[in-house]
Amino acid sequence: MNKTLGTLYSHVSVRSFEGTILSAETKDQLLRAAQCGSSSNFVQAYSLLDITDPGLR
1 MNKTLGTLYS
11 HVSVRSFEGT
21 ILSAETKDQL
31 LRAAQCGSSS
41 NFVQAYSLLD
51 ITDPGLR
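Quick note: the sequence shown uses the working numbering, first residue 1, plus one each step.
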């Protein structure tokens, strides 16, 4: 298997959260990066959750 396919096949979703509060600037940078991500069928769909209630974390 070539390196590109290996990278694509090893993709995983990581949901390991910390108690760090992100600044508005960091949130904006993450949103911009998510909008630039590739997707199938040129949809570029993404989901971001901004959970501010500590009880829901």
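Accuracy of the hints is not assured; some may be wrong.
Pairwise CB distance ranges (calculated) [what the hints assert, rightly or not]: (1) Thr7 with Leu30: 31 to 41 Å; (2) Glu25 with Gly55: 20 to 30 Å; (3) Gly55 with Tyr9: 32 to 42 Å; (4) Asn2 with Ser39: 30 to 40 Å; (5) Asp53 with Thr26: 25 to 35 Å; (6) Leu56 with Gln35: 37 to 47 Å; (7) Thr4 with Pro54: 16 to 26 Å.
To be clear, the hints were calculated from the coordinates, so they are not data collected in a lab.
Built from N, CA and C at the ideal position, the CB exists for glycine as well.
_Please check whether Leu56 and Gln35 have a Cβ separation lying inside 37 to 47 Å._
For Leu56 and Gln35 the Cβ distance comes to about 25 Å; the hint is violated.
*Confirm or reject the claim that Glu25 and Gly55 have a C-beta distance inside 20 to 30 Å.*
holds, 26 Å
*When you take the CB atoms of Thr7 and Leu30, is the distance between them in 31 to 41 Å?*
Violated: the Cβ-Cβ distance is about 21 Å, outside 31 to 41 Å.
*For the pair Asp53 and Thr26, does the Cβ-Cβ distance stay inside 25 to 35 Å?*
violated, 19 Å
*asked:* Within 32 to 42 Å: is that where the Cβ-Cβ distance between Gly55 and Tyr9 falls?
replied: Since the Cβ atoms of Gly55 and Tyr9 sit about 38 Å apart, the hinted range of 32 to 42 Å holds.
*Using the C-beta atoms of Asn2 and Ser39, is the stated range 30 to 40 Å upheld?*
Violated, since Asn2 and Ser39 (Cβ atoms, about 22 Å apart) do not stay within the stated range.
*Confirm or reject the claim that Thr4 and Pro54 have a C-beta distance inside 16 to 26 Å.*
violated, 41 Å
Hints 1, 4, 5, 6, 7 from the earlier list are contradicted by this structure; the remaining hints agree with it.
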